[in-house]
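Student: Protein sequence lines correspond, in order, to chains R and S. Numbered continuously in full-length UniProt numbering, the first sequence closes out at residue 250. Numbered continuously in full-length UniProt numbering, the second sequence closes out at residue 296.
By construction, these hints were calculated from the structure, which means they are not laboratory data. All the pointers check out, no bait thrown in.
Not everything, but these chain R residues come out facing chain S in the computed CB check (under 7 Å): (1) Pro201; (2) Lys203; (3) Asn205; (4) Phe206.
Derived contacts from chain S toward chain R, CB cut-off under 8 Å, selection only: (5) Thr174; (6) Cys252; (7) Pro254.
Positions of the beta carbon are idealized from the N, C-alpha and C atoms, including for glycine.
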Amino acid sequence: MGAAPGTSKAAHGDVAPKKKKGPGALATAYLVIYNVVMTAGWLVIAVGLVRAYLARGSYHGLYYSIEKPLKFFQTGAILEVRKHKCPKHTNESRIVPSSVVLTGFQVMSRVFLTWAVTHSVREVQSEDSVLLFVTAWTVTEIIRYSFYTFSLLNHLPYLIKWARYTFFIVLYPMGVTGELLTIYAALPYVQKTGLYSVTLPNKYNFSFDYYTFLILIMFSYIPLFPQLYFHMIRQRKKVLGHAEDYSKVE
Amino acid sequence: MCFPQVEVLDAKTREQLCFLDKVCYHRTDPHWYPARQALKLDPRGKSLRDDEILQNLPVGTTATMYFRDLGPQLGWTMVFLAEYIGPLLTYLLFYFRVPYIYSHRYAFTSSPHPVVTLACACHTSHYIKRLVETIFVHRFSHGTMPLRTIVRNCVYYWGFSAWLAYYINHPLYTPPSYGELQVNYALAIFVICELGNFSIHLTLNNLRGEGESRRFPVPTKNPFTWLFFFVSCPNYTYEVGAWVSFSIMTQCLPVAFYTLLGFIQMTIWAKGKHKAYNREFKDYPSLRMAIIPLIL
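With the hints as extra help, turn the sequences into a complete structure.
Tutor: Here's what the structure looks like:
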């Protein structure tokens with residue numbers, strides 16, 4: 001999905017700085033390095049997309065030019081969920097129990113789409129919907145990781161904060177649309193080949209139909225996406241709503 | 001003798017509701033039965049317990065309390081009845097292959113494998129035992145459960161039993177690889193664990209009955225209770241054992257998965273109970289683990 005909603009407490013901390021349990025120096029250094037690397041990685045993907053587009057002169061099949069860095073950096077985001085589990089070493093100033101669930105869910109859905117759908121079903125890799133969500137993710141992640149980097153260094157330009165809490169309005173639905181269209185495109189191939197599916201009878205009396213599973217995943221977007229989206233909108237009001245009270249550049 | 005004035009405000013609207021205690025409030029508006037009321041001294045703080053005495057609370061001559069509606073509540077007995085009736089009945093729907101579950105030609109047929117009938121008997125008696133315990137054995141302390149939690153629990157129990165039953169009673173079910181040997185051994189362990197679990201429940205029950213002094217459970221003459229030498233919560237140990245043996249008996253992966261989930265949840269509960277025992281009783285035996293002897 002487009003933006004990462006659960007990870008916004010740092011900004012909230014910027015707005016109303018209460019007793020912050022900040023991470024130690026070593027943890028901060030580690031986090032800064034992590035976020036800089038991730039920002040750089042997604043910039044590489046962005047540049048790769050632009051260059052491929054200019055070289056080919058069309059939108060089609062751009063996935064292949066950034067396939068490897070996309071897999072690497074999107075999977076690398078799993079490290080973020082682990083960090084959320086220990087309050088001292090997080091991207092946030094303050095840990096909120098729900099953000100582990102939201103971030104974890106966010107990352108797992110992205111990793112699922114990268115590996116279990118796009119990588120696994122070769123035929124969808126040339127679909128335009130792939131470009132749609134890759135673009136959404138790329139722009140979102142570049143802003144998000146630079147936001148964390150600057151926050152950790154206590155030097156957050158208002159522009160980055162504004163971008164983080166505004167771009168998602170378009171990017172989130174854009175990403176979700178790309179993701180859903182991609183899953184939908186994968187369905188006929190999954191059904192035809194029985195990909196990742198197990199049928200009865202078998203020794204362990206178990207069955208799994210990946211085709212039905214993908215359909216259920218698509219339906220799960222209906223309750224989940226609005227929740228995440230409106231959570232971000234509420235965060236936006238909280239964070240940017242105080243813009244008049246605080247100076248523009250921290 | 002001068003009683004302190006007690007005013008009660010709504011925690012959200014700060015409107016004065018103004019009654020002396022939960023029972024009085026309930027008499028005025030039966031919609032808010034006592035189990036549903038939470039009274040607090042601080043709108044964002046913890047609720048006061050039902051047995052707290054006004055005189056002992058840090059209030060002045062005028063006590064201000066904040067009221068919160070906990071939502072519809074159900075007593076523990078009702079909770080467990082709701083949770084257990086589902087699995088009992090849904091499994092039977094699958095065993096008898098009620099129409100529309102499996103392909104039409106299998107409607108109301110029965111499986112050729114004896115293990116399937118045995119599994120049905122085990123599953124059914126497991127839940128009948130639980131229902132009997134809920135009605136006749138367990139003595140529940142105060143307390144209720146909010147409706148939302150009950151719905152969630154029921155979805156879990158009913159949903160999983162339907163999923164298990166679907167595979168075990170499926171026309172394409174494959175009986176265990178080691179045949180009768182596997183089934184019989186698993187059945188023996190299952191029966192032992194069920195008896196064990198029941199013994200522990202009786203033992204815990206008798207503990208409650210004996211007056212004010214709180215004691216921790218100890219092994220009795222009943223050999224099943226000797227597990228108390230090794231674990232704090234042998235009822236959970238036996239429960240896990242019963243489900244593991246059921247998994248082996250049916251050789252069904254969904255059952256094993258369900259067992260795993262139950263094991264995780266019961267371990268969390270057992271660890272909590274174990275910690276509570278250790279905190280409360282200075283002479284608590286150190287050999288005891290929470291749920292798995294010598295290990296967990």
